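Novice: Protein chains in written order, with my numbering: chain A, 1 to 198; chain B, 1 to 198.
Source of the hints: derived by calculation from the structure; they are not laboratory data. Heads up, some of the hints might be wrong.
Pairs count within a copy or across copies, as identical chains cannot be separated in the list.
Stated by the list, open to error - With a straight-line Cα cutoff of 25 Å, these simulated BS3-like cross-link-like pairs (lysine-lysine) come out:
#  : residue 1 : residue 2
1  : K89       : K16
2  : K49       : K36
3  : K9        : K49
4  : K9        : K36
5  : K89       : K36
6  : K49       : K16
7  : K89       : K9
8  : K16       : K96
9  : K23       : K89
10 : K23       : K96
11 : K96       : K75
12 : K137      : K96
13 : K161      : K132
14 : K9        : K96
15 : K36       : K16
16 : K23       : K36
17 : K161      : K137
18 : K23       : K49
19 : K75       : K161
20 : K132      : K166
21 : K132      : K16
22 : K75       : K137
Please read these numbers as outputs of a predicted model, since none were measured by experiment.
Spelled out, the chains give:
Protein chains: 2
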Amino acid sequence: MHYPEPISKLIDSFMKLPGIGPKTAQRLAFYVLNMKEEDVVDFSRSLMKVKRELQFCSVCGHITDVDPCYICTDKSRDRSIICVVQDTKDVIAMEKMREYSGMYHVLHGAISPMDGIGPEDINIPALLERLKDENVKELILATNPNIEGESTAMYISRLVKPIGLKTTRLAHGLPVGGDLEYADEVTLSKAIEYRTEL
Amino acid sequence: MHYPEPISKLIDSFMKLPGIGPKTAQRLAFYVLNMKEEDVVDFSRSLMKVKRELQFCSVCGHITDVDPCYICTDKSRDRSIICVVQDTKDVIAMEKMREYSGMYHVLHGAISPMDGIGPEDINIPALLERLKDENVKELILATNPNIEGESTAMYISRLVKPIGLKTTRLAHGLPVGGDLEYADEVTLSKAIEYRTEL
Numbered sequence: 001m002h003y004p005e006p007i008s009k010l011i012d013s014f015m016k017l018p019g020i021g022p023k024t025a026q027r028l029a030f031y032v033l034n035m036k037e038e039d040v041v042d043f044s045r046s047l048m049k050v051k052r053e054l055q056f057c058s059v060c061g062h063i064t065d066v067d068p069c070y071i072c073t074d075k076s077r078d079r080s081i082i083c084v085v086q087d088t089k090d091v092i093a094m095e096k097m098r099e100y101s102g103m104y105h106v107l108h109g110a111i112s113p114m115d116g117i118g119p120e121d122i123n124i125p126a127l128l129e130r131l132k133d134e135n136v137k138e139l140i141l142a143t144n145p146n147i148e149g150e151s152t153a154m155y156i157s158r159l160v161k162p163i164g165l166k167t168t169r170l171a172h173g174l175p176v177g178g179d180l181e182y183a184d185e186v187t188l189s190k191a192i193e194y195r196t197e198l
Numbered sequence: 001m002h003y004p005e006p007i008s009k010l011i012d013s014f015m016k017l018p019g020i021g022p023k024t025a026q027r028l029a030f031y032v033l034n035m036k037e038e039d040v041v042d043f044s045r046s047l048m049k050v051k052r053e054l055q056f057c058s059v060c061g062h063i064t065d066v067d068p069c070y071i072c073t074d075k076s077r078d079r080s081i082i083c084v085v086q087d088t089k090d091v092i093a094m095e096k097m098r099e100y101s102g103m104y105h106v107l108h109g110a111i112s113p114m115d116g117i118g119p120e121d122i123n124i125p126a127l128l129e130r131l132k133d134e135n136v137k138e139l140i141l142a143t144n145p146n147i148e149g150e151s152t153a154m155y156i157s158r159l160v161k162p163i164g165l166k167t168t169r170l171a172h173g174l175p176v177g178g179d180l181e182y183a184d185e186v187t188l189s190k191a192i193e194y195r196t197e198l
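Given the sequences, and given the hints that come with them, work out the whole structure.
Specialist: The following block contains the structure:
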C-alpha cells in the first residue's frame, strides 16, 4: 500500500516464515535494501536451490542433495546400528555430537491417532524393508520423549520383536548443565529410577 | 558441515539478517524446505527485485521503483509543506497516519559529530536546492526526538531562518494509550510544559 511494490512483496514473503510478523518483516525487508548485492544474490539463489535441489534420501529419508545421502554411502560407518529419529533436524543434532557412527532412519513424524497419523503415514514401512535386507543388529529408537514419540518407539519395538532385533531407547534423566531445582517431576523421577552407581 | 550444501548456504544467508541467530536461521531454512514452490520462487524474486529495481527518488530521497516517486508526482498533494524525516521508514509511518498530504524530504541520517556525520553527509544540500526552486511555505522538522534528531532539526531551522521560512517541530508529550506511570521524566516535563486547555 504505502510501499513501492517490490518491497511490499518482499515483506509478504518474509511474513510467510514462522515467527515473523509484519514489523519484523518490514525491518528485514529494509535491511535487505541496504545489503551488499552479492549477499542478496546468494540469498536468492540459496532459496531456489534448497527448494529445487534437495530431496529425501531414498534409503534413510534424510534430506540430501545426492541420493543416497552422504551418510548412507559413507563406508566408514557402522551398518549394524540404525538410529530411528522423527525429523531430519534430529539427524543433524545427532551428527553434531560426533559420537555416533551408525546409520539413520528418518520417520518424518510420529504416530499420533489424535491427528490421524498412523504407522503407514510415516516412514515405518521403508524401515521394515531395510531391516529385511540389511544386516542390522540394533535399532536405537530416538523418537522424541513425548507421548507421540514414546508410542511410536513402543510400536516399532513391538513390531520388530519377532525378528529378535535388539531395540534401545535414549536414556531419560537430568540435562547436563541443568539445574535440579528446575527439572520437572517426571524427569526427576526418571533420573532417580535410572540412577547410576559411581 | 552436517547439512547438505544448499541448506547450509541458506542458513548462512538468513544469519546475515539482523536479529537472526544460528538456531532461528536453521529453523527458517528448514521451513523453506517445506514451503510451497511458488512461495519460494516469489521470495527469491522479491529479494532480487528489491535490490535491483528500487532506488532513491531524485527529488525527496524516498525509496521508489519509479523516479520521481509516487508522492513527488502526486498532483493532489500540498506542495507548500515539506516534512523532513531521517529515514524512508519514517515516510511510511507518516503515510500510514493518512492525515498528512504534503511533500517529504528524507535525510538518510542525522547530524552526529560523534560519528563524524556532518550536514554535508546527509541529504541537506538537496533540501536547500528544493527550497530555492519550489514554492514552500512550511518545513515540518520530523527528525527523531533524540540528541541527533534534535540537533539536526535545530541546524536546519537556523539554516533556513534567513529565507523567512516557517519551521515547525512535531509535538512532544505522552504517547496515546500510554501509561503516565511509565513515562520518563523528560517526556512528562514536556507534556506539562505543552499542556493544552480543554
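Novice: Would you list, in rising numerical order, the hints stated earlier that this structure does not obey?
Specialist: Going through the list in order, the structure violates hints 19, 21 and respects the others.
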